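K.L.:
Listed below are the residues making up each chain.
Protein chains: 2
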Amino acid sequence: MAQHYLSIDTPAVLIDVAILRANIARMAEMAQTAQLEHWPHTKTHKIPEIAKQQVAAGSPGICVAKIGEAEVMAKAGLGPIFIANHIVGEAKLARLAQLAQDVEVSVCVDSMAAAEPLSAAFERRGARLQVLMEIDTGAHRCGVPPDGAPALARKLLPLPGLELAGIMTYAGLLPGKFSEDDQRQVAKLEAETMARVAEELRAVGADIRRISGGSTPRARFYGAGCGLTEFRPGTYVYNDVNCIDLGAATEADCAFTILATVVSRPGAQRATLDAGSKALTTDAAKISPGHGRVLKCAGAAITHLDEEHAYVDLSEAEHELAIGDKVRIVPNHVCPASNLHDRAYIIEREEVVEILPIAARGRSQ
Amino acid sequence: MAQHYLSIDTPAVLIDVAILRANIARMAEMAQTAQLEHWPHTKTHKIPEIAKQQVAAGSPGICVAKIGEAEVMAKAGLGPIFIANHIVGEAKLARLAQLAQDVEVSVCVDSMAAAEPLSAAFERRGARLQVLMEIDTGAHRCGVPPDGAPALARKLLPLPGLELAGIMTYAGLLPGKFSEDDQRQVAKLEAETMARVAEELRAVGADIRRISGGSTPRARFYGAGCGLTEFRPGTYVYNDVNCIDLGAATEADCAFTILATVVSRPGAQRATLDAGSKALTTDAAKISPGHGRVLKCAGAAITHLDEEHAYVDLSEAEHELAIGDKVRIVPNHVCPASNLHDRAYIIEREEVVEILPIAARGRSQ
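These protein sequence lines are chains Y and L, in that order.
Offset between the first sequence (1-based) and the working numbering: plus 131.
Offset between the second sequence (1-based) and the working numbering: plus 131.
Don't take every hint at face value.
One copy or any two copies: either way a pair holds, since identical chains are not told apart in the list.
Below, computed lysine-lysine pairings styled on DSBU-like, alpha-carbon distance capped at 30 Å [what the hints assert, rightly or not]:
id, residue 1, residue 2
1, Lys-286, Lys-457
2, Lys-427, Lys-417
3, Lys-417, Lys-286
In short, the hints are calculated from the structure, not lab data.
In this text the structure is predicted, and so the values were computed from the model without any measurement.
Could you build the full structure based on these sequences and the hints that come with them?
P.N.:
What follows is the structure, encoded as structure tokens:
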């Protein structure tokens with residue numbers, strides 16, 4: 132007998148398989164239109180089975196944020212893997228070298244201080260690691276400024292054990308600059324800057340083949356010849372309130388929801404759900420107030436959270452919520468929400484068709 | 132050979148065992164002074180071995196937030212257990228009844244809609260469940276208002292399978308009302324309100340033996356005869372930036388830190404650490420700006436986080452941070468941070484003496 136999703140204990144992760152498939156197909160199409168390789172960032176879902184669907188849709192490789200995630204994905208047969216992060220420290224170097232024996236792997240660099248130990252670790256093993264230099268195109272997270280790239284490239288190129296094969300960036304949006312035009316501008320500047328840096332690095336002798344950028348909201352703004360060769364959207368697989376806020380998705384495109392139960396009605400206009408910051412995170416959305424969107428109860432507003440509860444203001448809600456009712460919540464930011472749960476219930480229409488372990492959850496090292 | 136904590140891969144949870152022990156002893160003393168039973172809320176650490184230390188210090192029972200947490204604690208031999216939460220839904224009722232066969236358990240109620248299925252589930256098994264009515268003393272999270280308590284008690288008392296043995300509350304602080312005086316006021320009002328409600332429930336025939344309140348920051352404000360019979364501080368075991376902000380702890384009392392590595396220096400005044408919202412959460416502190424306190428680097432400010440990185444402004448920092456350096460961060464809110472990690476490294480002075488699984492992590496159901 133098939134299980135209806137409403138019989139699942141709460142809080143729980145539900146993934147609507149039809150929406151998931153449509154999201155994967157749509158991004159594959161966008162990649163094709165923009166003539167970009169799509170290396171999906173799998174930190175959003177952390178589930179090898181979903182990564183395989185992304186590869187089946189045409190991705191030549193996948194991204195992860197951590198070596199631990201890469202280990203899980205490689206064990207499931209996935210690769211090549213781009214660890215879109217900086218690898219520092221003896222323990223990680225040893226694991227990376229081990230991993231590179233099993234799967235084609237690439238990582239970021241933005242300093243000689245991090246590159247030299249990487250070089251030594253791979254040279255010692257007679258191996259060669261593909262690295263992408265991170266360029267800071269304005270988000271000021273990591274990376275060298277564009278005009279510092281040639282100087283770093285000159286120092287990286289002679290290092291044994293490393294191959295400077297590309298550049299990558301994460302171009303964030305400035306606070307409050309979330310309009311369609313703002314986003315198009317960022318995407319344009321990002322791709323043009325990266326293309327220019329790539330040329331400058333080629334001029335100093337680097338064989339730059341990979342120019343990596345992008346994100347789910349910006350994916351729609353890249354066209355053929357934009358300057359990038361690949362992009363890394365990941366959130367698109369599920370979408371979330373941020374994606375809706377940025378115009379990259381609608382509520383109907385959100386594949387991931389948290390199923391929650393009404394456990395208290397502490398006032399005429401208030402309902403308490405059993406999903407709090409340990410199920411949803413406290414991440415704020417770019418524009419929308421509150422802590423996620425309650426499906427099928429327009430006007431219901433999650434005004435605050437504690438660790439185990441969401442507090443819903445029903446004063447503008449289209450209908451009541453009674454103790455025992457179950458609702459589905461689209462999180463503000465789905466990637467860290469996904470990381471809070473051990474398993475995901477895959478549903479087709481209203482039935483549970485599969486339960487998948489979120490195998491790379493918590494692989495923060 | 133003992134392992135120095137600096138050789139642990141990052142991000143990682145470090146727990147300083149000397150501070151932990153001192154925190155446990157200090158709260159046991161506060162409980163004794165106030166003549167309150169201390170039922171420590173173990174959602175902070177989720178580690179049975181630490182719960183056992185709390186019991187050894189005099190606690191007659193422990194609190195948890197979820198049945199899943201209770202199951203882990205009971206399996207480790209801990210009990211009685213107060214699940215300081217509302218149990219709603221068939222799946223949870225079955226698990227609760229099962230759990231109650233192995234350990235003395237109590238739960239919250241604040242409605243007949245939730246109490247009736249509980250009653251039916253326990254009556255069916257010829258068992259009796261101890262319940263504490265949740266009173267809303269102003270935080271508006273769950274619970275009935277004080278003046279609604281007698282009416283609910285009259286309806287609860289005839290229910291078979293349930294024993295209304297007490298009342299409980301969580302009295303939150305109002306936004307911005309964080310001074311010593313504000314907190315003392317809240318503690319006073321909380322305890323007095325609860326004592327009055329208890330009297331009113333006794334007057335309608337309830338045998339109220341447990342009057343439960345409290346929190347780590349408020350623990351110091353209760354005195355003998357305050358009106359409560361027990362309290363549930365949990366965060367004290369580790370402490371965090373919130374506890375410092377509220378004057379309940381100093382930096383030296385913080386037993387839990389996240390060990391992180393500097394992985395990038397994207398500017399002269401900026402350092403990037405490999406611990407982001409997936410290691411620290413995005414929870415804001417009550418008063419302190421930023422995302423946690425960097426130990427032994429006064430003036431270093433974590434200005435923002437992404438999922439895998441903390442961005443540190445070094446412009447006011449007492450010293451530089453180089454790529455590869457490791458630092459320890461006290462999180463703003465330790466309970467959800469603890470929930471992000473699979474294991475904790477217990478350190479004594481600078482050596483790892485034990486690695487404990489955070490066994491009840493992620494038990495959100």
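K.L.:
Which hints, by number, does the structure contradict?
P.N.:
3
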